[in-house]
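With the hints as extra help, turn the sequences into a complete structure.
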Amino acid sequence: MADAKPGENRWAFGIVATVACVIPIVIGGTLLFCGSALLRGESDWAGIAGGLLSLVGALAGVGIGTGVADTGLPRDEWWSRMAGYLAAFSVCVVTIVLIKHKATQRFLR
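Counting from 1, position 45 in the sequence shown corresponds to residue 45 in our numbering; the numbering is continuous, with no gaps.
In short, the hints are calculated from the structure, not lab data.
Every residue gets a Cβ at the ideal spot worked out from N, C-alpha and C, and that includes glycine.
Among the clues, some could well be false.
[What the hints assert, rightly or not] Across the chosen pairs, the derived CB separations fall in these ranges: (1) Lys-5 to Ile-48: 43 to 49 Å; (2) His-101 to Asn-9: 50 to 56 Å; (3) Lys-5 to Thr-104: 52 to 58 Å; (4) Ala-87 to Trp-11: 45 to 51 Å; (5) Asn-9 to Glu-42: 44 to 50 Å.
Written as structure tokens, this is what we have:
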């Protein structure tokens, strides 16, 4: 992407960049709030946390799929990128399974 020439209007990209930064921060904050609410015994937040974790897990899965298909990266850069996607995906899957498990739900009540 080329930089805009001096004097050109850059507000459209600024709005897109702001939204792209704010959405992950809101998702992370909501997950932290849901986690603390679940630990306090408020099981109503399990559905919201499960939905957000499914979204994050799906995005990590897409990243894994693109990483497997991309052969142009150097090996060390590819491995570090895949390690991040795999870590996010595995944490999301394990957390979703734990949230949905009956024993965990009984423990959190």
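(message) Could you work out which of the previously given hints the structure breaks and list their numbers from low to high?
(response) 4
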